[in-house]
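As a plain string of letters, each chain reads:
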Amino acid sequence: AQSVTQLGSHVSVSEGALVLLRCNYSSSVPPYLFWYVQYPNQGLQLLLKYTTGATLVKGINGFEAEFKKSETSFHLTKPSAHMSDAAEYFCAVTPGGSQGNLIFGKGTKLSVKP
Amino acid sequence: EPEVTQTPSHQVTQMGQEVILRCVPISNHLYFYWYRQILGQKVEFLVSFYNNEISEKSEIFDDQFSVERPDGSNFTLKIRSTKLEDSAMYFCASRVLVLGTDTQYFGPGTRLTVL
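Chain order of the listed sequences is A and B. Take the first sequence: its position 6, counting from 1, is numbered 6 in my numbering, and each next residue is one higher. Take the second sequence: its position 77, counting from 1, is numbered 77 in my numbering, and each next residue is one higher.
Hints are supplied without guarantee of correctness; some may be wrong.
BS3-like, lysine-lysine: derived pairs with alpha carbons at most 30 Å apart [what the hints assert, rightly or not]:
| no. | chain 1 | residue 1 | chain 2 | residue 2 |
| --- | --- | --- | --- | --- |
| 1 | B | 83 | A | 113 |
| 2 | B | 42 | A | 58 |
| 3 | A | 58 | A | 113 |
| 4 | B | 57 | A | 106 |
| 5 | B | 57 | A | 69 |
| 6 | B | 83 | A | 106 |
The hints are simulated quantities; they were obtained by calculation from the structure and are not laboratory data.
Whenever a hint applies, use it, and build me the whole structure from the sequences.
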């Protein structure tokens with residue numbers, strides 16, 4: 001069975017500071033990994049994904065994530081936080097090549113202080 | 001850019017009533033999904049649908065739930081007799097069937113409130 005653990009339900013950073021949102025997964029098969037962002041009262045928007053190939057993936061809005069198989073991690077980072085990054089971030093996993101229902105983590109709410 | 005749309009954005013209903021949530025997936029997509037998010041909790045998979053039949057469903061998707069693709073564009077989720085605990089945000093998602101392309105595109109959601 002697959003699962004996703006997001007450490008920290010709430011992360012607060014200052015504007016301009018590094019953003020690090022942690023995600024660990026468990027999967028019995030090579031996973032596909034995703035980060036989605038949810039702004040208040042909106043749906044889920046794909047930030048980035050890892051399927052195969054390069055383990056460092058870049059997404060929208062300056063975010064990137066690195067797939068580390070040995071650590072079963074897929075942490076999300078951004079060098080410099082912006083006020084507009086305040087949102088909830090969800091890490092998700094699906095078995096690679098499958099029908100693709102996503103297993104989500106509980107989410108991390110990011111707050112950005114001026 | 002094509003997007004998944006959902007109607008209504010907010011549905012209020014009385015316990016025991018039937019509700020139908022509607023979704024229009026992206027036009028060339030072939031896999032369709034429903035997820036739900038109870039307030040303050042994580043997004044949970046309900047059901048996937050392909051080739052006019054259910055591909056996979058979770059434990060949440062019991063006999064009270066059904067899905068249908070009544071025409072070439074709509075994808076619906078029906079809850080036959082709503083319960084208080086069905087109150088949640090329901091998201092529709094769709095995916096194109098191309099090997100190695102597993103991105104699901106989500107709609108904006110329908111907030112269901114059961115009184």
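Given the hinted pair residue 57 of chain B and residue 69 of chain A, is their alpha-carbon gap at most 30 Å?
Holds: residue 57 of chain B and residue 69 of chain A sit about 28 Å apart, inside 30 Å.
Residue 83 of chain B and residue 106 of chain A: Cα distance at most 30 Å?
23 Å, holds
Hinted pair residue 58 of chain A and residue 113 of chain A, Cα distance within 30 Å
24 Å, holds
Under the criterion that the straight-line Cα-Cα distance not exceed 30 Å, is the pair residue 57 of chain B, residue 106 of chain A satisfied?
With Cα atoms ~20 Å apart, residue 57 of chain B and residue 106 of chain A stay inside 30 Å; holds.
Is residue 83 of chain B within 30 Å of residue 113 of chain A, Cα to Cα?
With a Cα-Cα distance of about 40 Å, the restraint between residue 83 of chain B and residue 113 of chain A is violated, given a limit of 30 Å.
Agreement of residue 42 of chain B and residue 58 of chain A with the hint, judged by alpha carbon distance not exceeding 30 Å:
24 Å, holds
Hint compliance for this structure: hint 1 alone is broken.
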